[in-house]
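S.K.: Sequence order for the protein chains is A, B, C, D, E, F, G, H, I and J.
Quick note on numbering: the numbering used here labels position 80 of the first sequence as 115, and the sequence is numbered without any gaps.
Quick note on numbering: the numbering used here labels position 64 of the second sequence as 99, and the sequence is numbered without any gaps.
Quick note on numbering: the numbering used here labels position 89 of the third sequence as 124, and the sequence is numbered without any gaps.
Quick note on numbering: the numbering used here labels position 67 of the fourth sequence as 102, and the sequence is numbered without any gaps.
Quick note on numbering: the numbering used here labels position 91 of the fifth sequence as 126, and the sequence is numbered without any gaps.
Quick note on numbering: the numbering used here labels position 17 of the sixth sequence as 52, and the sequence is numbered without any gaps.
Quick note on numbering: the numbering used here labels position 82 of the seventh sequence as 117, and the sequence is numbered without any gaps.
Quick note on numbering: the numbering used here labels position 78 of the eighth sequence as 113, and the sequence is numbered without any gaps.
Quick note on numbering: the numbering used here labels position 9 of the ninth sequence as 44, and the sequence is numbered without any gaps.
Quick note on numbering: the numbering used here labels position 43 of the tenth sequence as 78, and the sequence is numbered without any gaps.
One or more of the hints may lead you astray.
Unchecked claim - Cross-link-like lysine to aspartate or glutamate pairs, in silico, EDC-like; alpha carbons within 16 Å at most: (1) F/K121 with G/E48; (2) A/K115 with B/D94; (3) I/K121 with H/D94; (4) A/K115 with A/E48.
To be verified - If you want the ones that stay clear, here's a sample from chain E, every Cβ over 12 Å from chain C, calculated: (5) W50; (6) S71; (7) P110; (8) L123.
It should be emphasised that the hints constitute simulated quantities derived from the structure, not laboratory data.
Because the structure is a prediction, the values reported are computed rather than measured.
Using N, Cα and C, we set each Cβ at its ideal position, and we do this for glycine too.
Take a look at the letters that make up each chain.
Protein chains: 10
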Amino acid sequence: MVYVVEMEVNIPESWSQEKLADYLAREKECSQKWQSSGKWKYLWRVAGKYANISVLEVDGPDELHQIISSLPLFPYMNIKVTSVCKHLNAIRETII
Amino acid sequence: MVYVVEMEVNIPESWSQEKLADYLAREKECSQKWQSSGKWKYLWRVAGKYANISVLEVDGPDELHQIISSLPLFPYMNIKVTSVCKHLNAIRETII
Amino acid sequence: MVYVVEMEVNIPESWSQEKLADYLAREKECSQKWQSSGKWKYLWRVAGKYANISVLEVDGPDELHQIISSLPLFPYMNIKVTSVCKHLNAIRETII
Amino acid sequence: MVYVVEMEVNIPESWSQEKLADYLAREKECSQKWQSSGKWKYLWRVAGKYANISVLEVDGPDELHQIISSLPLFPYMNIKVTSVCKHLNAIRETII
Amino acid sequence: MVYVVEMEVNIPESWSQEKLADYLAREKECSQKWQSSGKWKYLWRVAGKYANISVLEVDGPDELHQIISSLPLFPYMNIKVTSVCKHLNAIRETII
Amino acid sequence: MVYVVEMEVNIPESWSQEKLADYLAREKECSQKWQSSGKWKYLWRVAGKYANISVLEVDGPDELHQIISSLPLFPYMNIKVTSVCKHLNAIRETII
Amino acid sequence: MVYVVEMEVNIPESWSQEKLADYLAREKECSQKWQSSGKWKYLWRVAGKYANISVLEVDGPDELHQIISSLPLFPYMNIKVTSVCKHLNAIRETII
Amino acid sequence: MVYVVEMEVNIPESWSQEKLADYLAREKECSQKWQSSGKWKYLWRVAGKYANISVLEVDGPDELHQIISSLPLFPYMNIKVTSVCKHLNAIRETII
Amino acid sequence: MVYVVEMEVNIPESWSQEKLADYLAREKECSQKWQSSGKWKYLWRVAGKYANISVLEVDGPDELHQIISSLPLFPYMNIKVTSVCKHLNAIRETII
Amino acid sequence: MVYVVEMEVNIPESWSQEKLADYLAREKECSQKWQSSGKWKYLWRVAGKYANISVLEVDGPDELHQIISSLPLFPYMNIKVTSVCKHLNAIRETII
Numbered sequence: 036m037v038y039v040v041e042m043e044v045n046i047p048e049s050w051s052q053e054k055l056a057d058y059l060a061r062e063k064e065c066s067q068k069w070q071s072s073g074k075w076k077y078l079w080r081v082a083g084k085y086a087n088i089s090v091l092e093v094d095g096p097d098e099l100h101q102i103i104s105s106l107p108l109f110p111y112m113n114i115k116v117t118s119v120c121k122h123l124n125a126i127r128e129t130i131i
Numbered sequence: 036m037v038y039v040v041e042m043e044v045n046i047p048e049s050w051s052q053e054k055l056a057d058y059l060a061r062e063k064e065c066s067q068k069w070q071s072s073g074k075w076k077y078l079w080r081v082a083g084k085y086a087n088i089s090v091l092e093v094d095g096p097d098e099l100h101q102i103i104s105s106l107p108l109f110p111y112m113n114i115k116v117t118s119v120c121k122h123l124n125a126i127r128e129t130i131i
Numbered sequence: 036m037v038y039v040v041e042m043e044v045n046i047p048e049s050w051s052q053e054k055l056a057d058y059l060a061r062e063k064e065c066s067q068k069w070q071s072s073g074k075w076k077y078l079w080r081v082a083g084k085y086a087n088i089s090v091l092e093v094d095g096p097d098e099l100h101q102i103i104s105s106l107p108l109f110p111y112m113n114i115k116v117t118s119v120c121k122h123l124n125a126i127r128e129t130i131i
Numbered sequence: 036m037v038y039v040v041e042m043e044v045n046i047p048e049s050w051s052q053e054k055l056a057d058y059l060a061r062e063k064e065c066s067q068k069w070q071s072s073g074k075w076k077y078l079w080r081v082a083g084k085y086a087n088i089s090v091l092e093v094d095g096p097d098e099l100h101q102i103i104s105s106l107p108l109f110p111y112m113n114i115k116v117t118s119v120c121k122h123l124n125a126i127r128e129t130i131i
Numbered sequence: 036m037v038y039v040v041e042m043e044v045n046i047p048e049s050w051s052q053e054k055l056a057d058y059l060a061r062e063k064e065c066s067q068k069w070q071s072s073g074k075w076k077y078l079w080r081v082a083g084k085y086a087n088i089s090v091l092e093v094d095g096p097d098e099l100h101q102i103i104s105s106l107p108l109f110p111y112m113n114i115k116v117t118s119v120c121k122h123l124n125a126i127r128e129t130i131i
Numbered sequence: 036m037v038y039v040v041e042m043e044v045n046i047p048e049s050w051s052q053e054k055l056a057d058y059l060a061r062e063k064e065c066s067q068k069w070q071s072s073g074k075w076k077y078l079w080r081v082a083g084k085y086a087n088i089s090v091l092e093v094d095g096p097d098e099l100h101q102i103i104s105s106l107p108l109f110p111y112m113n114i115k116v117t118s119v120c121k122h123l124n125a126i127r128e129t130i131i
Numbered sequence: 036m037v038y039v040v041e042m043e044v045n046i047p048e049s050w051s052q053e054k055l056a057d058y059l060a061r062e063k064e065c066s067q068k069w070q071s072s073g074k075w076k077y078l079w080r081v082a083g084k085y086a087n088i089s090v091l092e093v094d095g096p097d098e099l100h101q102i103i104s105s106l107p108l109f110p111y112m113n114i115k116v117t118s119v120c121k122h123l124n125a126i127r128e129t130i131i
Numbered sequence: 036m037v038y039v040v041e042m043e044v045n046i047p048e049s050w051s052q053e054k055l056a057d058y059l060a061r062e063k064e065c066s067q068k069w070q071s072s073g074k075w076k077y078l079w080r081v082a083g084k085y086a087n088i089s090v091l092e093v094d095g096p097d098e099l100h101q102i103i104s105s106l107p108l109f110p111y112m113n114i115k116v117t118s119v120c121k122h123l124n125a126i127r128e129t130i131i
Numbered sequence: 036m037v038y039v040v041e042m043e044v045n046i047p048e049s050w051s052q053e054k055l056a057d058y059l060a061r062e063k064e065c066s067q068k069w070q071s072s073g074k075w076k077y078l079w080r081v082a083g084k085y086a087n088i089s090v091l092e093v094d095g096p097d098e099l100h101q102i103i104s105s106l107p108l109f110p111y112m113n114i115k116v117t118s119v120c121k122h123l124n125a126i127r128e129t130i131i
Numbered sequence: 036m037v038y039v040v041e042m043e044v045n046i047p048e049s050w051s052q053e054k055l056a057d058y059l060a061r062e063k064e065c066s067q068k069w070q071s072s073g074k075w076k077y078l079w080r081v082a083g084k085y086a087n088i089s090v091l092e093v094d095g096p097d098e099l100h101q102i103i104s105s106l107p108l109f110p111y112m113n114i115k116v117t118s119v120c121k122h123l124n125a126i127r128e129t130i131i
């Protein structure tokens, strides 16, 4: 099943450059691990904002939560989750 | 370039069943024409709502507007448009 | 998988008493059919509002959409859908 | 009587790992105590967010407030409370 | 138990003066019946708006819904319901 | 004249237990002084939230501001003020 | 006492030109009567919108409601009411 | 002085094709008259929406209101007006 | 030209009493200087909130920005600016 | 292609005057570099607010993101991005 997820990042002002760099490196590694697994289908930057729109294909809501909450920046994001399904007008046989 | 577009449909109460069926048939034809052209990449139903999330890859904002405004139900939709771009953490070489 | 769904109903002013009664009867029949099937677990009235909060256990988002969109009043409702999953602090073995 | 409660958690950035772990342990213990008492019927994670949707059956608003405000993370949550009642279309004899 | 309820009225434009007068007369009669019963404690006009703030003391959410939904203008109101309880700083022995 | 006031409290994370206890004691004393004066008619806890709904009968907006701004927690509250008046359907001779 | 009131007008689409002209003429007459009385101190057009910001000095909320609700367009306006009072930094001896 | 104005259009469902065509023709004529006058500097379509963002340079708020309210579709638009001025970091000598 | 400006103040929790007193003294001095100049016509306290509604008559948006941004508390305020103009129904010859 | 971008700045309270001055100087230099390049067409101050409205003409969303995210104050801004295109009623041959 497919979820469209918007994540907006708010880095705490108190972080040092080192702490920020460490978080960003681990965030990249974590998100790329899930992309490589085939679960995280798309990761797009929202132009002009510190935000992304992502498309994930997972087994269910438990797996979605496992993936999103594994991100190091998870506690610092506003997140909007939309559960999507097959549209009758879609010409693709598969949803993604 | 890629846009993520959310469309929520509000059918006027005054429409007859025939008028509605006619609109829905033309809406389907129009959206499938753009899907077949390769411009409208994904069309997903938002589960539980009369709404969709769509992903379009177009030449620019003029073409996006041409496509969206060609939909027969365009005047009856609330629409949210997000312009997205390459994310540095994305592992795909192409954006879509 | 479980969804929590809030539905707020807006009856068109133009409806006759007969049309309204017909819709309400079919709405009741439809929602009770899904409750009897075991898919629609809870249907609660929001106290003081023409709205409900419902809990559904379905196979996936496609089935959720099939159920919600089969309701005769579906075109006349504002709907909020939340996909939920197992909470680590929950003591129940099953989610519902 | 039944309340549906949404809680969204915001952990202060200044907390140490120890303080956070202590709070989470006490939060778990507290919420499980109320679940065991039979007052807190359901505790569901909102998929992809640091939030939950809970269903409580209590004697009245005073007891609801006693339970929610006893949670160690109560001062760090945005909370939405909805009072629900019997829906005429519900087929269950009891509300929960 | 006590609820604070805000109601904002939207009269349909299509109503004749006679229909409006009839609704207003029945609305008055209905709200005064509940006031006389002692359930509807306060009915205040929001200054400058077609809205009221009401305070009701009822047996529970079912009775609250029975009262509010019995109002002839119920389908034409936006309603906000807040369940309140004893405040530790209150000096009154009773809540109302 | 009567005002309905909603106050939602946000305690700064940086406060010590002593500072918080001191503020809460002074808040209680202050709100009880105004309740005893007969100006602050009702103080209700919003069930499940760190918030209250209050009803005050004052000489005018200057006195309302004097009372609310005298609360020690005034700088830490989101406040919504509604000026109310006599409702034509009210059966009470006095507004409160 | 002084209120700042924002009114945004929504003319029903079904009105004929004659009905609209009649309403506008009566609206003008009514608002000018209250201005002449000295109660309605300022009436400003919000630039670029079918809306106004008004300042009224009245005896209390009952009189404010009497004035605003006497406007023929009252049922067709979204209205925001703010009760204001003396500011300690104001250099004027009178509030208006 | 310069204003940035966002206008979102809502065409009434009851309009015939002829009425709509007449309005659109007069809307075009009117907006082009103001563009030719040099007052309406830019008129941009919001991609994917029945909305525009416009930039006007006018003598003051009265002239802005005269222009915007002269549009035939003025009663059918949601309008957001922002008054802008010289930014200290701007390298242009003139504001537009 | 006239602007109606709402300012809501948020004092940082980290400020000492001395720093706060210093800011408040300079804020008072600054706002009174602009009031004395005749530019800042009205300064009203919003009853029950740490907020004001102000009316300014200035040469244009640049002067408005100069005044508002000169306030010591400018960085700590949420500000809403409305540009107003002559209303056709107003009986005053001057706008203020 | 053209974007209209609104940026609202929130300077952290913890910054020293030196840090703020350094950021502002680098912000100015950065925004002026992009203005000089011809990509950043307009930079307007929103009158009365610590905010700007900007108009950029870029090759696509990637370049827009490169420019906006290069601003030193990027992490401290709320940003709204609108993608615009040619309006059929516009009399200019070029979009900007």
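S.K.: Please go over all the hints and tell whether each is borne out by the structure.
M.R.: These are the hints, each one checked on the structure:
1. F/K121 with G/E48: Cα-Cα ~33 Å, so violated.
2. A/K115 with B/D94: 28 Å, violated
3. I/K121 with H/D94: 14 Å, holds
4. A/K115 with A/E48: Not satisfied, since the Cα-Cα distance of roughly 23 Å exceeds 16 Å.
5. W50: 8 Å, violated
6. S71: Per Cβ check, E/S71 is outside 12 Å of chain C; nearest 20 Å; holds.
7. P110: It is violated; E/P110 is separated from chain C by about 6 Å at its closest Cβ, not greater than 12 Å.
8. L123: 25 Å, holds
Consistency with the previously given hints fails for numbers 1, 2, 4, 5, 7, ordered from lowest to highest.
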